[in-house]
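Colleague: Please work from the sequences and hints to get the whole structure.
Each chain, letter by letter, is given below.
Protein chains: 2
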Amino acid sequence: MAPGPTPVPEKVLLRMADTLMHHRTPQFKAVLKDVNLKLKKLFRTENPVVILASSGTGAMETSVVNLLSNGDKALVINGGKFGERFGEIARTYGIETVDYDVVWGEPADPNEIERLLKENPGIRAVYSTLAETSTGVVNDIKAIGSVVVKTEAVLVVDAISGLTADEFFPDEWNVDVVVCGSQKGLMLPPGLSFLSVSAKAQKLVERSDLPKYYFDLKEAIKAHAKDDTPWTPGISLIMGLDAVLDMLLEEGVENVVKRHAYLANLTRQAVKAMGLELVAAVPSNAVTAVKVPEGIDGGALIKKMRDEQGITIAGGQASLKGKIFRLGHLGYMDAYNTIATLAALEVVLTQLGFDVELGKGVAKAQEILVREGEQVCLSKS
Amino acid sequence: MAPGPTPVPEKVLLRMADTLMHHRTPQFKAVLKDVNLKLKKLFRTENPVVILASSGTGAMETSVVNLLSNGDKALVINGGKFGERFGEIARTYGIETVDYDVVWGEPADPNEIERLLKENPGIRAVYSTLAETSTGVVNDIKAIGSVVVKTEAVLVVDAISGLTADEFFPDEWNVDVVVCGSQKGLMLPPGLSFLSVSAKAQKLVERSDLPKYYFDLKEAIKAHAKDDTPWTPGISLIMGLDAVLDMLLEEGVENVVKRHAYLANLTRQAVKAMGLELVAAVPSNAVTAVKVPEGIDGGALIKKMRDEQGITIAGGQASLKGKIFRLGHLGYMDAYNTIATLAALEVVLTQLGFDVELGKGVAKAQEILVREGEQVCLSKS
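Residue numbers (the working numbering), protein chains in the order written: chain A, 1 to 381; chain B, 1 to 381.
Among these hints, one or two may not hold up.
[Stated by the list, open to error] In silico SDA-like links for lysine to any residue, alpha-carbon gap of 25 Å or less:
(1) A:K200 - A:K218
(2) B:K304 - A:D18
(3) B:K272 - B:Y336
(4) A:K142 - A:Q202
(5) B:K218 - A:T92
(6) B:K33 - A:I311
(7) A:K218 - B:Q317
(8) A:K38 - A:A243
(9) B:K303 - A:T19
(10) B:K203 - B:W173
(11) A:K40 - A:N255
(12) A:K29 - B:G315
(13) A:K81 - B:H224
(14) B:K38 - B:N255
(15) B:K222 - A:E84
(16) B:K142 - B:E152
(17) B:K29 - A:T312
[What the hints assert, rightly or not] Between beta-carbon pairs, the in silico distance windows are:
(18) A:L249 - B:T25: 28 to 34 Å
(19) A:Q351 - B:K41: 38 to 44 Å
(20) A:L249 - B:E372: 49 to 55 Å
(21) A:S319 - B:E206: 27 to 33 Å
(22) B:K40 - A:A30: 36 to 42 Å
(23) A:E250 - B:T19: 20 to 26 Å
(24) B:T92 - A:D334: 44 to 50 Å
Hints in this document: simulated from the structure, not taken from any laboratory.
Even glycine gets a Cβ: it sits at the ideal position worked out from N, Cα and C.
Modeller: In C-alpha cells form, the structure reads like this:
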C-alpha cells in the first residue's frame with residue numbers, strides 16, 4: 001500500500017512470463033508499434049512517447065541533458081524530494097538553476113512562476129511534478145502551462161506518480177515533456193520509463209549540446225519513428241505494458257482517474273475520522289500523506305504495519321522522515337485493500353498509544369461505500 | 001537461437017511472476033544481500049558487483065563516465081560493433097581515444113596494446129570485449145591484463161556476451177571492471193546491467209569529474225555496501241536473478257563454462273561439415289559466426305529461418321550485414337536445440353540453392369553425442 005511500486009495484475013505477470021521474443025524482429029516491432037499507439041492514448045497526447053530501459057530517474061535525467069544546452073538556465077520547482085531531483089541533475093551538468101522553493105505540502109503558485117520567468121531571462125525549461133509523491137501534493141499544471149507557453153521555455157512534468165491517478169491533459173495544458181515510470185499507475189514492475197516530447201521540445205533536443213549516450217533522446221525519437229529502440233529494450237516489461245495498456249484503455253482513462261479520485265477521497269475521509277491530519281493542502285489522488293500524531297514514533301508505525309500486520313506503507317523522506325506516513329491508492333487495488341489498511345492502522349496506532357476508536361476510520365469508509373451503492377474498482381477479470 | 005536475448009528458464013519466469021516486493025524494506029534488502037554475494041561467485045571476483053536498471057549499454061557508459069576525467073585518454077580496442085561503442089561513448093564525453101583497430105574476426109594482440117600504452121601517456125583506461133558478439137571472437141584477456149596491470153591504466157572488459165560461456169577469471173587476470181548484462185549468459189530478460197569495480201578502479205571513480213547522475217557509480221557502490229540501490233531497482237528482474245544465480249552456482253561456474261564449450265564445439269564441427277566457413281579466428285563459446293556462402297542472400301536466410309522455420313538466428317551487424325549469420329549457444333539451451341537449428345539451416349540453405357547434403361551437419365553433431373556418451377546440459381528440473 002505504498003505509493004509505488006504498486007501491485008501488478010496477475011494477467012500482466014503471466015504475460016511477462018511468456019516466452020521471450022527477440023527484439024530485432026518484425027514480430028516484436030509489431031508489438032512495439034501497437035504499444036506506442038496505445039501509450040499516446042493513455043498519456044492523452046499526440047506527441048511521441050518513447051520508452052527507456054531505466055527507472056524514472058533515468059527519464060528525469062533524459063529530460064535535462066536533451067532539452068538544455070551549455071549556458072541555459074532551468075526553473076526548478078522544489079516542493080518535495082522529486083522536484084529537488086531535477087535541480088540536482090541540472091546542476092550536475094553545469095546548468096544554472098533558478099529554484100522556486102515551495103513549502104513542502106503546498107502546491108506551486110503559477111504567479112510566482114510567471115514572475116521568476118520574467119526576472120530570469122535565459123530559462124529554457126521549467127521542471128515541475130504533477131503529483132509530488134513525497135508530500136502527496138498535486139500541482140495545478142494547467143495554470144502553470146498557461147504561464148510557460150507564453151515564453152520560449154518548455155514545460156517538463158514529472159508524472160511518475162500522478163499519471164492515471166490525477167486529471168492530466170498534457171496537450172491541452174501546454175505540457176511539452178511528460179516524464180513517467182512503469183511502477184506506479186502503470187501497474188508494472190520498475191524498469192521502464194517514458195517521455196513524451198512536443199514539437200517545441202524536439203527543437204531544443206536538436207540544439208542540445210550536453211553530453212549523453214544511453215539517454216540520447218534524438219536517437220530514441222528516431223528509433224521510435226520506426227517502432228524500434230536504440231538499445232536492447234526491456235522486452236518482458238514491454239510485453240506486460242502491452243497487457244496493462246489494454247486493461248486501462250478498456251476501462252477508459254477518464255474512468256481510471258475517477259476510480260483513483262474515489263479511493264483517494266475514501267482514504268482522506270477515513271483518516272480524518274481517525275483524528276489524523278493530512279500533509280497536502282491540495283492532495284493528489286495517487287497518495288495520501290498523513291502527519292504522524294504528536295508523541296508517536298513514525299518509524300515504529302511503519303515497521304509494525306509491515307512486519308506485524310503484513311501491510312507495507314511508506315514513511316516520510318528527507319526532512320519529513322519520521323514525521324509523516326503515506327498511504328498509496330494507486331493502480332491495482334480497491335476499497336477493501338484500503339479498508340484493510342485503515343483497520344491495520346487503527347490497530348497499530350492503538351498499540352503505540354494513540355487514542356483512536358477502533359473501527360472509526362473503517363466505518364467512515366464503509367459509509368461512503370453504502371452511499372455509493374457499489375465500489376468503483378478495476379475489473380479483476 | 002540468437003546470441004541474446006536468450007531463453008529464460010521456466011522456473012525463473014515464475015519467480016519473476018511472484019508478488020512484487022517493495023524495495024525499501026528489510027525483506028528486499030535480504031534478497032539483495034544474498035544476490036550480491038552470489039553475483040561475486042558467478043563473476044569470480046572479490047570486488048563488489050553493482051546492479052543497474054538499464055541494458056548493457058548503460059553499464060558501458062557507466063564505465064566511461066565514472067573512471068575517466070577531463071583530459072584523460074582511453075585506449076579502445078575496435079574489433080567489432082561492441083568494442084567500437086566504448087569509443088563512441090568516450091568521445092561523446094570529450095575523452096580522447098586511442099583506437100586500436102583490429103581486423104574484424106581477429107582477436108586483439110596484447111603486444112600491440114603494450115606498444116600503444118607506451119606510446120600514449122595519459123591513458124587511464126583500456127576498454128576491451130571478452131566475447132565480441134558481432135564477430136564471435138574471444139579476446140585473450142589474461143594476456144591483455146598482464147600488460148595493463150603494469151601501467152596506471154585500468155582494464156575494463158565488456159563480458160556482456162562472454163560471461164558464463166568463456167573462461168574468465170577477472171581477479172587473477174587483473175581485470176578492474178567487468179561490464180555485464182542480464183539477457184545473455186544470465187538467462188534473464190534484458191533490463192539489468194552489472195559492473196564489478198576493483199580498488200584500483202574505485203580510486204579513479206573518486207577523482208572522476210565527468211558529469212553523471214543516474215549512472216553515478218560512487219552512489220551505486222555506496223548503496224551496494226548497504227545492500228541498497230540509489231534509484232528504484234528492477235525488482236522483478238532481481239528476483240529472477242536470485243533464481244538464476246542459484247541454478248548456475250549449483251551447477252558450478254566451471255561446469256557452466258564447460259557446457260558452453262561443448263555446445264560451441266558441436267556447432268562449429270557441424271557447420272564446417274556443412275561446407276561453411278567460420279568468421280572468428282579464435283571463437284568464443286557464446287556464439288558461432290558463420291560466413292554466408294558466395295551467391296546466397298544473407299538477409300533471406302535469416303528471414304526464412306525465422307518466418308518459415310520458426311527459429312530466430314542473428315545476422316551480421318554494421319559492415320558484416322548480409323555477409324555473416326550468427327548462431328547463439330548461450331544460456332538455457334542444449335544440444336538438441338542446436339541440432340534442430342542445424343537441421344533448419346540445411347533446409348533453408350538448400351532452398352536458397354546452396355549445395356549441402358541434408359543431414360550432414362546434423363550427423364556431425366550426433367557423432368559427437370555418440371562419442372560423449374551423454375549430452376552435457378543444464379538440468380531442467
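Colleague: Decide, hint by hint, whether the structure agrees.
Modeller: Results of checking the hints against the structure:
1. A:K200 - A:K218: Measuring from Cα to Cα gives roughly 14 Å; hence the hint holds.
2. B:K304 - A:D18: 24 Å, holds
3. B:K272 - B:Y336: With a Cα-Cα distance of about 18 Å, the restraint between K272 (chain B) and Y336 (chain B) holds, given a limit of 25 Å.
4. A:K142 - A:Q202: 21 Å, holds
5. B:K218 - A:T92: 14 Å, holds
6. B:K33 - A:I311: 23 Å, holds
7. A:K218 - B:Q317: 21 Å, holds
8. A:K38 - A:A243: 11 Å, holds
9. B:K303 - A:T19: The hint holds at about 20 Å.
10. B:K203 - B:W173: Distance ~19 Å between K203 (chain B) and W173 (chain B) Cα, so the pair holds.
11. A:K40 - A:N255: With a Cα-Cα distance of about 17 Å, the restraint between K40 (chain A) and N255 (chain A) holds, given a limit of 25 Å.
12. A:K29 - B:G315: 17 Å, holds
13. A:K81 - B:H224: Between K81 (chain A) and H224 (chain B) the Cα gap is close to 22 Å, so the pair holds against 25 Å.
14. B:K38 - B:N255: 16 Å, holds
15. B:K222 - A:E84: Since the Cα atoms of K222 (chain B) and E84 (chain A) sit roughly 21 Å apart, the hinted pair holds (cutoff 25 Å).
16. B:K142 - B:E152: Cα-Cα ~17 Å, so holds.
17. B:K29 - A:T312: With Cα atoms ~14 Å apart, K29 (chain B) and T312 (chain A) stay inside 25 Å; holds.
18. A:L249 - B:T25: 28 to 34 Å: 32 Å, holds
19. A:Q351 - B:K41: 38 to 44 Å: 42 Å, holds
20. A:L249 - B:E372: 49 to 55 Å: At roughly 53 Å between Cβ atoms, E372 (chain B) and L249 (chain A) fall inside 49 to 55 Å, so the hint holds.
21. A:S319 - B:E206: 27 to 33 Å: Holds, since S319 (chain A) and E206 (chain B) (Cβ atoms, about 29 Å apart) stay within the stated range.
22. B:K40 - A:A30: 36 to 42 Å: 40 Å, holds
23. A:E250 - B:T19: 20 to 26 Å: 24 Å, holds
24. B:T92 - A:D334: 44 to 50 Å: Cβ of T92 (chain B) to Cβ of D334 (chain A): about 47 Å, so the range 44 to 50 Å holds.
In the structure shown, no violation is registered for any of the earlier numbered hints.
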